[in-house]
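Asks: So you can see what is in the structure, the chains are spelled out below.
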Amino acid sequence: MSVTDPTRRGVIELLRPRGTLPSAVPWLAAALGFGLLLLAWHLASASYASAGREVLFPSPATVWETATGYLVGAERGSARAEDRATLATDLAASFGRVLAAFLLATAVAVPLGVLTGSLPVFEKLLQPLSEFVRYVPVPALIPLLIVVFGIGETPKIMLIFLGTVFQLLLMVADEIRRVADELLSACYTLGGQWDEAITKILLPAAAPGIFDAMRLCQGWAWTWLIVAELVAANEGMGFRILRYQRFLLTDKIFVYLIILGLVGLMMDLLFRLAYRALFRWQTPR
Amino acid sequence: MFFRLTDISKVYRSRRASVTALEPVSVDVAPRDFVSLIGPSGCGKSTLLAIAAGLEPPTTGTVELEGRILRHPGRERGMVFQNYTLFPWLTVRENVCFAQRLRVNRRAAHSKGEHSSLAAAADHLIAIMGLEKFADRYPRELSGGMKQRVAIARALANKPRLLLMDEPFGALDAQTREEMQELVLLLSLHESCTILFVTHDIEEALYLSNRVLVFSAHPGRIIEEITVPFPADRPLDTKLDPEFLQLKRHLLDLLHSGSRQRLEREDLLARLRAAA
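For the record, the sequence lines run as chains A and P. Heads up, the first sequence is in this note's numbering, so the first residue is 1 and it goes up one at a time. Heads up, the second sequence is in this note's numbering, so the first residue is 1 and it goes up one at a time.
Some hints here could point you the wrong way.
[Claimed, not checked] Under 10 Å between C-beta atoms, here's a sample of chain A residues computed to sit facing chain P:
#1 149
#2 153
#3 185
#4 192
Keep in mind that the hints were calculated from the coordinates and are not lab data. Note that the Cβ used here is the ideal one computed from N, Cα and C, for glycine as well.
Okay, chain P solo, but in the shape it has when bound (with noise of 0.2 Å):
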């Protein structure tokens, strides 16, 4: 298997008591799959995906990709986080090539050649992200869409083996959203990434994925495993497709009888007519 989580759980220890964030869960990624992880607040998805990026250490269970165990973060894995956390300091161009840069200036003898030849391939995937003319900007200028952008574009500089992305569009309006769904669909398709892929949004899990992940909240488990019927590049009308309808309705029962404190329609109907 490419890339595999094997038995991961997670368990909160403080002093008084333990929390048991992550029931041991196993999820296998093959390669140019689009695996989404979905779930309530405080199913554990997000803790999943830091583990499986070596951010966190797991209770129990192995992180593995092409075979190897990995303990630690490293660069194979690629990360892109909901509030962009890309580099103040730096203009747009020189966040893109913060990775290679780090890995030239590791070497002890390296030319100004090196550095021009990352120039130009950081200003590749930044005409990809049509961010042209936002190249010598920083970040604090751009629009949040905008740093998302220049985020998977200094993700994918890395050249990473699997991309892992936590939200990522969580912050954003509405049609910046889909504008984004669609761009990372198309991206995924055309660089032929890997990509594990962290939600709450059902409707984007499905759009995106191959496969969903459905997970339930205290403790955090996989509940169902669903394989998503349509082709690679699906258009973004898919999301009207009576098929897709008909998912998106089973994931939304699904996910509100794994929800615990839900609000009740009925009772919130009867409390307000008993305060009326």
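Here chain A stands alone, though its shape is the one from the complex (with noise of 0.2 Å):
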């Protein structure tokens, strides 16, 4: 039966396996799943305001309020404006972190993982004590982290720098892997030498994969920054959330959350973007 069939339309092309979907159902369903969480965080809420102990748990419209203020403007030295600074150098303490430690990974990680999936001396090498290294729970090395570099930026770059290297290493390893062994052949049957294998064919083949890997990567980077930032630390997203806390500012906390949410969203479209910009020859998804 035809996809189009007209008589089949309604609510159970609605439930059809990798169905098309009507125009404007997307953005309905979208709107639906956060108007739940939106209700379901009013009700919780409302039952501990019921008790009196709104301040443990804000409304939405609270947050909302709260979060305006960040906004709209304060004159200068007014504890709103005092909270603007605030949150700007939370951002820019916890992003640039979160850089350094990319950065760091990325250009261990990308050559590393290059090498393992295409030499396989490399990869009997560094395959195994990869797979080891990542079962190691990245938590338990703050105590060590901490004893060997301090208490400075050197250990939080570190733990997010380790939370993530070797995941990438794999991952930039198995992409290496997955180039077909028939482009291979025919770069050496044009004259091609091992290392323009590498090179001008396995580089370039596994490159939009590897660009994906590591916008996962970024992504686990802004979560391990927050379990670095909750141990030691005196500004960062992850260090306000547990100061606010010590003060019941619920309000806050719920801001800060939606701001990492964002920035994570963000980051996100930002790297489909250049994906998109930097691998036109790519059938398009």
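Hints are included, so try docking the two chains, each in its own frame, into the full complex.
Replies: Here it is, written out as structure tokens:
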């Protein structure tokens, strides 16, 4: 039966595996998802409020008020302006750590991953090691990192770095291995040497996959960032959330959580846009 | 001899068993020869071609080109594969000049002029293939037949001494297939190519080659060599010539008798009747 059979339209159409949706449905469904989350949040906070403990679980409306407070103007020196300055410092500090660790992880994992994926010797050398190390829970390294690197920026960046570098290395190696053998054969019969097989075939062929792995890794970097900042820091998103917990400023915690979500979404979007610009030769997905 | 495969055999050994894919075979190819290897799947014809290309080591035997023994793949033996194997991140023009660009880049000092003269040489081949309009397109935008034309241009651009083709039209529809056969035939005449061609299509082998080597399977070996009696420049309707059809019939019988797990018509009819 044809996919566009007009007699089969209706609710049943929404339930067809991998079916196509009418144009309005995706937006409505997304809105419904957020709506349900807000409703659950509202009900939960209402039950806290009825027990007189609104401060422990603020309602969506309270959080909205706090959030807009960060955006809408306030005179210099006021509490609002101070909050805004704090947020800017926290975001900058966290961004700096993620960026430093991510660049470091990429610089280490991409070359080593390419070698692991292309050269069997490197594979035997690094693959078992990476498989082992990536199952060591990274938070368990925190005490050691602090002893070795002190309490400055280094242990935080190292934590994020260690949390992502082995995953990225293994994913890059996998992308390289996924390149069809025939492309290498074609290269050799055109007179290519082994080093050219890596730089002119494996690397460009795997580049989109490697870039996508970097995107995923960037997301994990934010998770490790929060873990790193919960332990020892003077500023940063994770540190501030812990601080606000101590003062029961739960509405501000919510604002920070929402900002973390938005930052993640934005970074993801940037990576996807860059992907589309860089790899025009790929079949659009 | 120009190109010679001597006593090439291939045995795949695993811990438990060893499988003979190819019994020792020898093939001589003269300059400007068009030799087809034909046989059922699993007869080792593609293995032999991969060995000729240097992509796979033979268990025994040697590959020789103009007196030199070759152990590795190289630019003197160009290859066209069944699945196009174009580099998808390069445009048509970049694919065609891939090999020359490698060579230019290898030399420490190279000028911008060299790159543009490369592009000019590539454009000449692209024009022959009738792909001018697609020179700056990526492979994903091309049809199967166009992709294979680019793959042939890419191999020819390297000026190989010998062109190896591994079922190059196996994935194409019947009409495109005939167009490509005519293209390759005319190319081989005008560019004086020497070609070793693998196919399982009897008609294709007879139409293109001046010699056909027939393989049988399990283990692979050559059971007959046929010299095709038509002039080199043959029109497509040679395929309807009575002598051509006679040769085709002969090859069909040969291949059927060499195939072990053949579905016999009588058996099949008997089973269908029994089921009814």
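Asks: Each hint: holds or not?
Replies: Each hint, compared with the structure:
no.	hint	verdict
1	149	41 Å, violated
2	153	38 Å, violated
3	185	5 Å, holds
4	192	6 Å, holds
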